[in-house]
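Enquirer: In case you want the letters, here they are:
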Amino acid sequence: MTTTVTIHIDGVPYAVPDGMNLVDAARIYAGVEIPIFCYHPKMKPVGMCRMCLVDLGFEVRDRATGELALNPDGTPQVRWGRKLETGCTTTVRAGMYVRTRTEQVQEARRDVLEFLLSSHPLDCPVCDKGGECPLQNLTMRHGPGTSRMAYDDKLHLDKHVPLGDLIYLDRERCIQCARCVRFQDEVVGDDVLAFHERGRRLQIITTSTPGFDTYFSGNTTDICPVGALTTADFRFGARPWELTNVPSISPHGPVGENIALSMRLDRDSGGVQVIKRVIPRQNEDVNEIWISDKTRFGHHFTLSPDRLREALARKRGELTPVALDDALKAAAKALKEAGNSVGFIGGPMTSNEDFFALRELAAHVGSRKLGLWPATLGDAAPAAEVGIASGSRLTELGKGDAVLVVASDLEEEAPIWFLQAKQAADRGAALIVANLRETKLDRYASRTVRYGLGGAVGFLDGAASDETLAQAANLVVFVGNEGLGADEHGVLLRAAANLLITTGHAGRRNNGLIPVWPGANTQGGFDLGFESAATRAMLQSAPDVLIVVGADVAETPAGAAALDAAKFVIALSLFPDATTAKADVVLPIQSFAERDGTFTNAMRRVQRFYTAQGPVGESLPAWQVIGLLGQRLGMDRPRRSAALVMKALAESVKLYAGMSYPALAEAAVQTPPIGISPGFYGGTAAAPTGGTGLQWPSKAESRAKLSVTPVEAPQAVHAGAGELVIVPLRRLYDRAPEFFASAVMHGRIPQPFVALHPSDAARLGAVDGGRVKLSAGGASLDVTAVVDATAPEGLALLPQRLAPGAFPQEPVAGRVEPVAEAVAAD
Amino acid sequence: MNVIRGFATTLKYLFQQPATIQYPDEERPPRERYKGRHALKRYDNGLEKCIGCSLCAAACPADAIWVEAAENTDEERYSPGERYAKTYEINMLRCIFCGYCEDACPTEAIVLEHEHRLSFTNRRDAIYTKAELLDPPPAGLEGTPRQTEPGVYTRSIPEMKNPA
Ligand code: SF4
Ligand code: SF4
Ligand code: SF4
Ligand code: FES
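As given, the protein sequences belong to chains A and B, one line each in that order.
So the first sequence is numbered by this note's numbering: it starts at 1 and just counts up by one.
So the second sequence is numbered by this note's numbering: it starts at 1 and just counts up by one.
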């Protein structure tokens with residue numbers, strides 16, 4: 001518990017927490033803005049820019065008696081410092097006096113700004129930051145008005161330096177605050193940006209080859225207090241004041257990053273609203289103010305020309321565009337004939353409203369086949385029991401706490417959690433990373449554990465006896481499914497629950513299990529009764545009619561076979577894909593940007609996204625399409641809005657009780673308030689308008705009696721003679737249409753490849769960079785071999801969704817054979 | 001008496017030159033500072049002055065201007081520096097000819113000229129596009145976009161004067 005002390009700012013006493021940064025304390029408790037450039041509340045202060053100079057003093061106490069020395073008029077005596085001091089490197093303590101408005105302080109600010117501008121190009125009219133630029137704002141507020149420097153003396157540096165494919169640097173505009181350098185170093189842990197040269201020539205360089213390409217590079221453009229860093233995607237897209245920020249949630253991955261979509265009309269797109277850029281929206285419980293580059297740049301799919309624009313139905317064997325009504329009619333006819341032999345599969349971007357509509361339709365036709373895609377996930381019940389407690393913040397983990405990551409490559413699967421786990425380790429938390437291969441998080445781990453295929457459960461089962469984990473003040477366990485079969489994944493989740501229960505961590509704030517799900521709303525699917533296991537059952541024996549929503553079921557051989565086996569397939573999809581190609585009726589649906597809805601992230605936080613742009617073609621929100629289908633089967637008319645669907649959902653699903661749209665739209669107070677306009681801390685993060693979401697409590701929190709269920713690891717996959725076990729991996733950048741539509745990212749998406757251990761490669765005759773054919777379970781893929789000493793022996797690590805074609809998504813035994821190089825064509 | 005004075009005045013004006021002119025047969029040159037239809041100006045070398053900064057649109061009280069910017073390359077250069085106006089439109093039905101846009105422009109690219117004969121038969125035609133607004137390149141010079149030597153046109157704001 002921090003104690004409160006009294007400090008005086010500009011003569012007024014304020015009670016502030018002891019040891020808080022002076023700039024933050026003044027901002028939050030006194031509403032006094034001490035201007036800053038280099039300081040950022042998410043990074044350590046460095047005192048580089050001198051903008052925050054203040055007059056600092058302390059009350060005088062009599063040495064002998066400890067009594068306050070008083071002036072004749074009875075006010076306490078204050079001994080003021082001889083020079084001004086930087087506020088950002090000062091922490092508050094009792095008896096502190098601060099003056100922020102004296103002539104001396106104002107002169108210091110004027111001088112700092114005059115110097116900063118001495119070589120600044122002053123090209124605000126063409127600068128992407130112009131209009132939301134801290135340098136502009138502070139110059140207007142505190143600057144000198146005119147400069148005594150000769151314009152001819154300005155030092156001219158390069159204005160167009162690509163640091164990588166995505167980030168451009170303007171060296172003239174840089175004010176050397178080192179925010180970008182420190183972000184890469186302190187936050188990301190990949191210090192690829194650095195200063196070069198000295199004095200006025202001091203400039204940012206990148207030390208990485210190839211280019212500046214971390215998964216977080218876009219964040220540097222947000223926190224840069226000038227327009228020195230810009231993104232290739234947005235460059236000159238609009239002036240900030242022309243943009244309307246619509247609150248939204250990232251549709252990529254389980255973190256549920258809070259974002260704002262900056263919208264503007266666009267002539268090239270036919271004069272409609274388009275997403276010009278994606279910026280973070282502050283939510284300290286989720287993504288703070290960071291977003292991954294996938295979220296930032298992966299929005300182009302919403303307006304991709306490949307999107308499905310009209311309904312299709314099979315006529316004489318061919319999928320033909322038809323009126324929506326006719327497509328619905330055909331689908332309803334098939335549903336009527338099928339009775340209750342109807343299966344439902346929802347994909348990773350399916351919203352809670354969509355799942356609920358599916359559930360209602362299922363109840364109406366009397367089916368219980370509610371499936372979730374992908375089909376590779378275990379039972380999620382442990383997550384509902386001991387899932388991370390409500391109100392937990394990964395940012396609060398530190399010394400004495402422990403973070404355990406099992407079977408997940410966090411950087412690839414949930415980049416924001418990678419940052420937060422890494423920073424928890426920096427603050428002193430024990431970070432234990434267990435996986436069957438080396439991952440990037442290993443670098444920051446206090447301990448890494450390597451287990452063989454099928455060894456994850458054994459490791460986690462024995463982990464309760466581990467001192468670090470058992471004695472940790474707080475324990476957070478991330479469980480992924482890398483290298484696991486579906487059953488094994490379920491058992492591993494159960495083992496994690498056991499660990500949390502036996503070590504007494506379950507149900508406490510900042511403790512619990514975080515399942516690293518594959519999709520933005522996988523958790524919501526589970527909450528509404530959809531199961532990956534149900535999907536597996538449907539793949540085994542297909543129902544007569546399959547309704548697939550936003551899931552490319554045909555990306556696995558078993559899925560493709562099930563689509564063939566079903567008599568009638570109704571696909572609701574954003575894009576034409578292998579699944580819609582096998583469907584009998586294809587109905588276009590809207591993406592997250594075109595409709596209202598909610599996603600539940602893997603920490604069980606239900607979060608709202610809002611309509612930002614108009615519909616594409618004839619697409620409708622999935623819940624509405626499903627509702628129209630239901631209406632033809634005798635159900636009520638579809639509800640008139642997503643809000644009404646959510647209302648009904650909240651009334652019928654106990655976990656979501658009270659989660660109406662208005663409740664979800666409430667924003668929790670964010671401290672420090674980084675994302676507020678006009679952005680005191682400088683940076684392009686939006687305020688938490690639109691809501692910070694609500695979490696439903698895990699069972700453990702409700703003091704329910706939880707018991708440990710003994711676990712047993714299922715049989716691991718064994719490779720036969722001449723075979724390897726092919727282990728699919730999730731990679732952040734893949735070729736799924738929801739991401740590949742972002743052309744700006746193509747340079748960063750690898751060619752389809754498989755990683756092999758050198759000894760396996762040698763044995764199979766595969767060479768690094770040569771082509772190999774993978775075959776397993778009746779499917780085959782043609783990919784490039786990458787010989788990688790970190791790949792475990794006997795395994796072939798195959799990133800998913802890079803190569804076209806169906807392939808199993810669980811570890812399978814298969815063959816890897818070099819392909820004779822075709823005639824050197826291309 | 002007053003009646004006679006009135007008739008006298010009428011009689012006097014009967015023999016004076018009338019003030020009315022027979023527009024359009026006859027035209028009077030507009031005043032120097034008359035604010036008529038806008039033109040987008042070019043530098044003497046033929047490059048466009050407009051850098052697509054949208055400040056005119058921000059200043060416009062009638063919300064009549066629409067600007068979309070894009071990036072210059074040395075292969076395809078419209079204006080000096082990195083940025084140019086890809087789309088530039090003024091809706092003359094909305095414009096109130098206040099000239100604020102001219103004041104706001106950092107490069108003196110948009111200027112209200114003397115042209116005042118604006119008529120349209122439909123609303124769409126009232127929106128003047130960049131092609132209509134842009135002055136032709138000076139005689140004998142290539143227009144835009146054009147290929148330029150790398151490293152020459154790196155800055156978009158004209159040189160500023162030293163403080164006095
Ligand atoms: S590029 Fe921006 S963030 Fe980086 S040092 Fe320069 S001004 Fe600071
Ligand atoms: S003259 Fe005034 S009203 Fe017309 S476009 Fe310019 S700023 Fe707008
Ligand atoms: S006319 Fe002037 S103010 Fe308007 S966009 Fe062009 S350069 Fe900017
Ligand atoms: S020195 Fe304090 S903000 Fe830069």
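Think of the hints as simulated: they come from the structure by calculation, not from any bench.
Warning: the hint list may mix true and false statements.
Quick list of in silico lysine-lysine cross-link-like pairs, DSSO-like style, CA-CA up to 30 Å [stated by the list, open to error]:
(1) K41(B) with K276(A)
(2) K159(A) with K12(B)
(3) K276(A) with K86(B)
(4) K130(B) with K276(A)
(5) K154(A) with K41(B)
Output of the computed footprint for chain B on chain A, the stretches with three or more beta carbons under 8 Å from beta carbons of chain B [unchecked claim]:
(6) 20-32
(7) 238-245
Just so you know, these numbers come straight off a predicted model, no measurement behind them.
Each residue gets a CB set at the ideal place from its N, CA and C atoms; glycine is no exception.
Enquirer: Now look at each hint and say whether the structure bears it out.
Expert: Structure-based check of each hint:
1. K41(B) with K276(A): This hinted pair holds, its Cα atoms lying about 29 Å apart.
2. K159(A) with K12(B): Distance of about 72 Å is beyond 30 Å: violated.
3. K276(A) with K86(B): At roughly 15 Å apart (the allowed maximum being 30 Å), K86(B) and K276(A) satisfy the hint.
4. K130(B) with K276(A): holds, 22 Å
5. K154(A) with K41(B): The hint holds at about 28 Å.
6. 20-32: violated (count 0)
7. 238-245: holds (count 4)
Against the hints set out earlier in the document, violations occur for numbers 2 and 6.
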